[in-house]
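Student: Spelled out, the chains give:
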Amino acid sequence: MYKARLFASKHARAYEAMYNASSPIILASLRLVQKLTKGKLDKPITWAEKKIKGFLFDCQMCGNCILSTTGMTCPMNCPKTLRNGPCGGVRANGNCEVKPEMKCVWVEAWRGSREMKHNHKIQEIQFAVNHEHKGSSAWIRLANEDVKAK
Amino acid sequence: MVSDESIKINPEYVYHPGNPLPEIEGHVSRGRFERVLKRGEFAVTTELAPPDSADRTEVFHEAAMFDHVVDAINATDGSGANCHMSSVVVCALLAHIGYSPILQISCRDKNRIAIQGDILGAAALGIGNVLALTGDDVSAGDQPEAKRVFDLDSISLLSTIIKMRDESVLLSGRKLTEPPKMFAGSTINPFVPPFKSRVLQMEKKIDAGAQFIQTQYCFDMPMLKAFMSEAVDKGLTERAFILPGVGTLASARTAKWMRSNVPGVHIPDSVIKRLEGAENQKKEGQKICVELMQQVKELEGVSGVHVMAYKQEQYVAEMVKDSGVLGDRKPWAPKNEY
Chain U
4 MYKARLFASK HARAYEAMYN ASSPIILASL RLVQKLTKGK LDKPITWAEK
54 KIKGFLFDCQ MCGNCILSTT GMTCPMNCPK TLRNGPCGGV RANGNCEVKP
104 EMKCVWVEAW RGSREMKHNH KIQEIQFAVN HEHKGSSAWI RLANEDVKAK
Chain F
42 MVSDESIKIN PEYVYHPGNP LPEIEGHVSR GRFERVLKRG EFAVTTELAP
92 PDSADRTEVF HEAAMFDHVV DAINATDGSG ANCHMSSVVV CALLAHIGYS
142 PILQISCRDK NRIAIQGDIL GAAALGIGNV LALTGDDVSA GDQPEAKRVF
192 DLDSISLLST IIKMRDESVL LSGRKLTEPP KMFAGSTINP FVPPFKSRVL
242 QMEKKIDAGA QFIQTQYCFD MPMLKAFMSE AVDKGLTERA FILPGVGTLA
292 SARTAKWMRS NVPGVHIPDS VIKRLEGAEN QKKEGQKICV ELMQQVKELE
342 GVSGVHVMAY KQEQYVAEMV KDSGVLGDRK PWAPKNEY
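Same order as they appear, the protein sequences are chains U and F. Each residue of the first sequence is one higher than the one before, starting from 4 at the first, in the numbering used here. Each residue of the second sequence is one higher than the one before, starting from 42 at the first, in the numbering used here.
Any given hint might turn out to be false.
Computed list of lysine-lysine pairs in BS3-like fashion (alpha-carbon distance at most 25 Å, straight line) [said to hold, decoys possible]:
| # | chain 1 | residue 1 | chain 2 | residue 2 |
| --- | --- | --- | --- | --- |
| 1 | U | Lys-124 | U | Lys-43 |
| 2 | U | Lys-120 | U | Lys-41 |
| 3 | F | Lys-297 | U | Lys-102 |
| 4 | U | Lys-102 | F | Lys-237 |
| 5 | U | Lys-124 | F | Lys-324 |
| 6 | F | Lys-314 | F | Lys-324 |
| 7 | F | Lys-352 | U | Lys-137 |
| 8 | U | Lys-137 | U | Lys-124 |
| 9 | F | Lys-237 | F | Lys-371 |
| 10 | F | Lys-204 | U | Lys-124 |
| 11 | U | Lys-120 | F | Lys-188 |
| 12 | F | Lys-352 | F | Lys-362 |
| 13 | F | Lys-204 | U | Lys-13 |
Derived Cβ-Cβ restraints for the label pairs, each shown as a range [unchecked claim]:
| # | chain 1 | residue 1 | chain 2 | residue 2 | range |
| --- | --- | --- | --- | --- | --- |
| 14 | F | Met-264 | U | Arg-16 | 45 to 55 Å |
| 15 | U | His-134 | F | Gly-162 | 33 to 43 Å |
| 16 | U | Lys-13 | F | Ser-180 | 42 to 52 Å |
| 17 | F | Glu-279 | U | Phe-58 | 16 to 26 Å |
It is worth saying that the hints were derived from the structure and are not from the lab. Backbone N, C-alpha and C fix where the C-beta goes; we use that ideal spot for every residue, glycine too.
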């Protein structure tokens with residue numbers, strides 16, 4: 004939802020705090036679930052992630068989530084799906100070159116990142132999306148990676 | 042007009058295309074552009090618009106207009122999302138008569154598999170410079186129904202080039218028997234929002250491996266000054282060669298059209314007023330461009346200037362000469378050798 008997405012970048016600091024507080028809990032419960040069910044609940048978990056992040060951030064389920072480094076703004080809403088900052092075509096009013104009615108995703112991301120405690124993260128170089136992960140749950144992958152690592 | 046017979050392709054460059062000039066220690070490429078910059082000269086680059094044609098003499102004709110005034114020539118890659126002759130091929134044609142072309146690669150039309158193949162092919166054909174670009178969106182061009190790719194973005198593209206060059210591998214990790222020795226650059230547009238992020242965005246590109254940066258058209262000197270002084274403070278001008286872009290406006294009408302139709306072009310009202318008030322708007326546009334070049338050269342941390350004169354290429358030589366930015370230096374041109 005566009006409005007919820009703008010709200011997230013505006014209140015990126017609060018979202019960051021919520022994210023930092025909730026993600027260990029979500030991951031810990033997912034690790035437990037993965038251990039117990041061995042992936043049998045992957046579908047409903049993916050569905051829940053899609054619904055929740057879809058509402059909050061217009062998540063596109065790229066499966067390579069970097070929300071916490073991009074001012075709580077999903078970069079996959081950029082028509083060019085840029086993951087490392089704005090292109091040179093941003094309009095003078097800060098709107099998108101391709102969709103003139105939409106605020107540039109990276110103008111939002113920049114605003115959000117300035118609000119955040121860990122605002123240097125926007126400078127981390129992100130490599131291109133791994134398209135094999137499209138449609139899959141980033142939560143489950145993180146949980147599985149942790150389970151495997153142990 | 043340059044006829045096909047008058048083009049003397051230097052057999053040295055054709056038979057040994059990957060080896061245009063002897064290697065210099067500490068240089069990543071064997072091209073002239075890197076040499077000029079590393080010698081500390083004020084470099085001039087320009088842009089060649091690849092023709093809507095299958096005739097190579099059109100490429101040579103356009104390039105000849107820049108003889109003795111530029112150090113390197115960018116060949117645009119489907120600029121404005123319009124189809125023209127391939128930039129790899131234009132650069133190869135130029136490299137074979139000894140020019141120092143800059144291969145523009147846009148992320149719009151090709152995925153990572155195609156782009157890596159192009160980088161290898163370009164290096165094999167003697168192209169020593171590459172410029173990583175995001176690219177205008179397909180909706181800006183005359184085939185808006187095309188599929189947009191954007192598999193990489195300009196920074197992932199830079200990382201890819203650097204990995205191939207310095208680690209001699211493809212993204213998959215598969216080894217290359219010979220890496221592409223290319224001087225890598227990218228672009229920045231300091232004149233559009235989010236303004237405060239633009240220096241950091243340039244820093245990110247330099248972190249990713251950009252060795253030179255060409256900027257979007259500058260018509261607003263105070264903005265460029267602010268951008269450059271921040272870049273100097275951050276030490277970025279020590280880490281990369283920065284070449285601000287300048288251009289010539291044919292008339293106030295063109296300027297207004299560009300401002301509202303070309304993505305990312307910022308032209309202040311004062312420039313448009315100056316054009317409107319001029320008797321000969323075209324001449325005034327060139328005068329503005331000459332003044333901008335001179336002001337760019339005075340800025341701290343600047344290594345050169347990038348002159349863009351789409352459909353006005355014939356005036357580039359005169360403008361560069363009038364500006365005096367080259368001093369008494371005369372950049373290389375094929376005719377030097379024949």
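Student: Does each hint hold? Answer for all of them.
Tutor: Quick rundown of the hints versus the structure:
Between Lys-124(U) and Lys-43(U), the direct Cα distance comes to roughly 34 Å. Violation of the 25 Å bound is thereby established for this hinted pair. A threshold of 25 Å between alpha carbons decides the hint, and for Lys-120(U) with Lys-41(U) the separation of about 36 Å lies outside it, so the pair is violated. Under the criterion of a C-alpha separation no larger than 25 Å, the hint pairing Lys-297(F) with Lys-102(U) is consistent with the structure, at around 21 Å. Distance check on the hinted pair: Lys-102(U) and Lys-237(F) sit about 22 Å apart at the alpha-carbon level, within 25 Å; holds.
For a cut-off of 25 Å, the pair hint linking Lys-124(U) to Lys-324(F) is broken: about 48 Å separates their Cα positions. For a cut-off of 25 Å, the pair hint linking Lys-314(F) to Lys-324(F) stands: about 15 Å separates their Cα positions. Of the pairs offered as hints, the one joining Lys-352(F) and Lys-137(U) is violated, with about 43 Å between alpha carbons and a cut-off of 25 Å exceeded. About 23 Å separates the Cα atoms of Lys-137(U) and Lys-124(U), which keeps this hinted pair within 25 Å; it holds.
A C-alpha spacing of about 38 Å is found between Lys-237(F) and Lys-371(F), which places the hinted pair above 25 Å, so the restraint is violated. Among the hinted pairs, Lys-204(F) with Lys-124(U) is consistent with the structure: their alpha-carbon atoms are about 22 Å apart, no more than 25 Å. Proposed proximity of Lys-120(U) and Lys-188(F) is contradicted: the alpha carbons are some 38 Å apart, above 25 Å. With a CA separation close to 19 Å, the supplied pair Lys-352(F) and Lys-362(F) stays within the 25 Å bound.
About 37 Å separates the Cα atoms of Lys-204(F) and Lys-13(U), which puts this hinted pair outside 25 Å; it is violated. Hint check: Met-264(F) to Arg-16(U), Cβ distance near 30 Å, so the stated range 45 to 55 Å is violated. Between His-134(U) and Gly-162(F) the beta carbons are some 24 Å apart, a value that contradicts the proposed interval 33 to 43 Å. Lys-13(U) and Ser-180(F) have their C-beta atoms about 28 Å apart, which leaves the hinted 42 to 52 Å range violated.
For the hinted restraint 16 to 26 Å between Glu-279(F) and Phe-58(U), the CB-CB distance of approximately 46 Å leaves it violated.
Violation of the numbered hints given earlier is confined to hints 1, 2, 5, 7, 9, 11, 13, 14, 15, 16, 17; the remaining hints are satisfied by the structure.
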